[in-house]
Amino acid sequence: MTDAPATAAELERFVYDEARLIDEKRFDEWYELFTDDARYWMPLTRGQPDGENHTSLFYEDKLLLKVRIERLKNPRSFSQHQPSWCQHVLQRPVIEEGDAGTGRYRLRTPFVYVESRMDTQLVLAGVVSHRLRRESGALRIELKKVELTNCDAALPSIQLFP
Amino acid sequence: MNRYRDDPEAVRALVHEDCVHRDVYLSPEIFELEMRHLWRNTWIYVGHDSQVPNAGDYYTTELARQPVIMLRDVEGAVRVLMNRCAHKGASLLSAREGHCEGGLLRCPYHGWTYRLDGSIRTIPIKSGYEGTGLAASSAAAGIVPVRNVAIHRGFVFARLSETGPGFHEYFGDALSSIDNMVDRSPLGRLEVAGGTLRYLHDSNWKMFVENLNDTMHPMVSHESAAGTAKKLWAGRPADEPKPMAIEQFLPFVNGYEFFDKMGVRIYDNGHSYTGVRYSIHSAYSAIGDYERLMDQAYGAERAREILGEVRHNTVYYPSLTIKGAIQAIRVARPIAPDRTLLESWTFRLAGAPDSLLQRTLLYTRLINAPTSIVGHDDQHNYHAIQEGLATDGNEWVSLHRNHTGAEAEGLAGDYNGLSEVSMRGQYRAWARFMTLDMPPASARS
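So the protein sequences, as listed, match chains A and B. Counting in this note's numbering, the first sequence runs from 1 upward without gaps. Counting in this note's numbering, the second sequence runs from 1 upward without gaps.
Only chain B is shown next, with the shape it has when bound in the complex:
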């Protein structure tokens, strides 16, 4: 298949202002190009620095299907290295997390060892390389580093390519959602806690990312889950304290007006968040003496400001979505055009009562787990799109809701919550970063 490679015009033609061609979800070639261009020209979430608290601690993951190591070096800096021995290419670390014994990475195949900055420390029987071209080869440089790494308040991002925008240019004010999540800690610090849910989806990664700011679906998709919870709770006295699970389920079946007035804010480069005015997390009960601790840490006025910002989902296109108000994030790991791994990570707010983490964990279990009844219906619908798009007769996916001609001038700004503008923004970014480093079609031989 070679329909789109090195043909930026053909790729751009898949995206219109108000609809996209089904190939963006179905085509194996487009998926390969996404991994080669979109997921390399943009800033991808790697992990959180609290996963590697001490020098020599590491965490392994994948970026655009390439295995990488996130570690803390001897100076205390977080580095991202390609998980590949400079010699024959074996991945150096296979555990998900651990500690580099003796401050070294050692290849399990031939025992080459590396310092935490990736440089070669020793090669067994090095005399065997005397007079060879090794010193001038790519192997001598040691482990290939990911050169473009940025950390924002503990959140580690990487850009794999040498092209593409700088970190702050790319995310801009969208970083305010991460800021709000971290500010919710009286100590201004998050710690990964509570384990990682890993949920396999038989659908394209974009089904999930688009869904995060799709507010037209909860009352339909989640009627059976949240609606059942609502029905079971109905008839209880209004002043009876709701169990946390009921509090978390009920807003999913709020009406269209609730989600419309919630609002959506669009940033450049595909980022957005729903819940400009309030969100499904706004009506949760206060917890213990958390608010008092926040007042002490920030002063009452600033504390109210932080806790009054209750955003719903923020999309850090293309790889990360966060819920600052409950300290839970989801990370998309594309596997194939119709296969995606979704990871859910949760955080403890340093200095806050344990009950906040417990609320976070309840939410992520109810909504994000492979056992979640909310997740089941979402997953079903993503797969249904994957299936339905295979049909002939209509090759285009509608993103028309609340589209106006004014969007041609630029998308950044606030919109009504039910608008599909966040998806239109994502595809604008998609077309841009897919073709940023593609040679023009005329260069095709």
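Chain A extracted, bound-state conformation:
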């Protein structure tokens, strides 16, 4: 591994850009940010140890992410006739772990997420953790873990990606 250590600015930029790709619905580009063994995880309870032995809201591998992204392009996705739009509002990411030697980093970012469709608007808040690693010189997501403040609340449809 000859890559230079990631700078704080580069890591922060990555988190901001990742959210922006979702908000601009550039999902194919967003998908490419994930490593082949990645997970996009939104636990159902606080401090949930894993996504296998407990239900989660999301616990998507790349195949399931792909299914979601391709479905959104399908003209028969009836729940998206009048599409949803979303906006992430991020606090500045904090680098929790960084190891230039292995090229692995972990960032913690409090967020507010707004998803709207027609006249209804859903507001969620929480903390997102990114576990990143260098692959072929580029930062990639191994794990994006979205911990909602109200993960155990009765929720309406969440159709995009907090």
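Just so you know, these hints were derived from the structure itself, not from any lab. Be a bit skeptical, because a hint or two may be false.
[As the list claims (entries may be wrong)] Straight-line alpha carbon distances no greater than 25 angstroms define the calculated SDA-like cross-link-like pairs of lysine to any residue that follow:
1. B:Lys231 x A:Asp37
2. A:Lys66 x A:Asp50
3. A:Lys73 x B:Lys231
4. B:Lys231 x B:Ser285
5. A:Lys66 x A:Asp23
6. B:Lys88 x B:Thr122
7. A:Lys66 x B:Lys230
8. B:Lys230 x A:Glu70
9. B:Lys231 x A:Arg68
[To be verified] Among chain A residues calculated to face chain B with C-beta under 7 angstroms, some are:
10. Thr45
11. Ala154
12. Gln159
[Said to hold, decoys possible] Which stretches of chain A does chain B cover? Using the computed rule of at least three CB atoms under 8 angstroms from a CB of chain B, they are:
13. 51-57
14. 124-134
Predicted model, so just to flag it, every value in this text is computed and none were measured. Ideal Cβ positions, reconstructed from N, Cα and C, are used throughout, including at glycine.
Given the coordinates of chain A, work out where chain B should sit on it, guided by the hints.
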């Protein structure tokens, strides 16, 4: 609004053999009457006894919008109590689950305490009640119990009214779906596990319940979700093992013939299940040494019989639907005519490998979660009905598919899977239990 109250004829007139009037979904008055009659005269799902394993453990929920407590008493029996202090009416417990410290329930307002059977243990400064009418009042009886509680293999049901059929009379052989789910445990026992998904729907509770045995919708509603999964998997070699998610998605877009031949079985009182011959869960891959454990527990023949029964959805009208083959249930909690909370609960088969629970959890996340792409399209369609029914010009909802005059004799029996007979059965029960304890119209002043 007082169009239907105390008028059983007007309520019955909303239901024909093969169609129903839109007011059953739209009318706020009908919704109130459903909570007062249908949801009190029938057996409603409360919870599972594994949620309260020890004396003093409790779980709080709502039955027909009334807050209740399910707890285990000192003798080990599961009781259901109204969540209301006998004094000023405050709900006694507000956490979803927990343990009654010291074996007592204590009101957070004035400190009245109750034993686990609901009787009053202490009232602070009791001398203040000397010479008053308290002892002869309804408060002295303590917490109001739900008197009609029945437990079938761990599943706790309650009937709120004193009218209505007994538990076994009400469910009859429909209980065989719960039996099959429990029998799938090598130890014959289920444990609630994996958390509760709570999905808010902006539609009437009956949209959901009717949909569970509606086999004409998956290939249409879920084309975008399951069809996309199918397309992404297409072209892989036939012998390449399918990821579990693909295995679970694909059958949703099976053709009409598959769902028709699957069959639907109708019981009295609105209960039914699809998947008499097979179901969308039949082709799942075997898991680890589960089958061997089942053989050991039951003998090979009985084990094959249990695992060969792969039902799709069973409706325990009106509140509960189950998928025995994958140990997942959904509970309808009506909030308003156009608002329903759907809870998804999952179970561990005691004595079975963890991978079975993992399969269950994957399924419930893919299909039942607020984040589910299958759920999104279902929810969209329920809401679309709610919206569309507001239009004038056609006040009736068609339930005609495969209807025949022979149904007038009684519905119980097996039918082709695509038939809308399960919905016709539900409305027959609906009309009956809505009006069971309504005074005749002549009693109206």
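How the hints compare with the structure:
1. Restraint check for B:Lys231 and A:Asp37: satisfied, since their Cα atoms lie roughly 21 angstroms apart, inside the 25 angstroms limit.
2. Between A:Lys66 and A:Asp50 the CA atoms are separated by roughly 22 angstroms; this keeps the pair inside 25 angstroms, and the hint holds.
3. Taking the CA atoms of A:Lys73 and B:Lys231, the gap is near 13 angstroms; set against the 25 angstroms cutoff, the hint holds.
4. For the suggested pair B:Lys231 and B:Ser285, the alpha carbons sit about 20 angstroms apart, so the restraint of at most 25 angstroms is met.
5. Of the pairs offered as hints, the one joining A:Lys66 and A:Asp23 holds, with about 17 angstroms between alpha carbons and a cut-off of 25 angstroms not exceeded.
6. Restraint check for B:Lys88 and B:Thr122: the C-alpha separation of about 15 angstroms stays at or below 25 angstroms, so the hint holds.
7. Between the alpha carbons of A:Lys66 and B:Lys230 the distance comes to roughly 12 angstroms, so the proposed pair stays at or under 25 angstroms and holds.
8. Only pairs whose Cα atoms come within 25 angstroms are accepted, and B:Lys230 paired with A:Glu70 is accepted, the gap being roughly 11 angstroms.
9. Using a Cα cut-off of 25 angstroms, the hinted pair B:Lys231 and A:Arg68 holds, with the two alpha carbons roughly 12 angstroms apart.
10. The interface hint given for A:Thr45 holds, since its Cβ lies 6 angstroms from the closest Cβ of chain B, which is under the 7 angstroms cut-off.
11. With a least beta-carbon distance of about 4 angstroms to chain B, the hint placing A:Ala154 at the interface is held under the 7 angstroms criterion.
12. Because the closest C-beta pair between A:Gln159 and chain B is about 6 angstroms apart, less than 7 angstroms, the hint holds.
13. For the region 51-57 of chain A, the assignment as covered by chain B holds, since 6 residues bring a beta-carbon within under 8 angstroms of that chain's beta-carbons and 3 suffice.
14. Only residues whose C-beta sits within less than 8 angstroms of a C-beta in chain B count toward coverage, and the region 124-134 of chain A has 0 of them, not enough to reach three; the restraint is violated.
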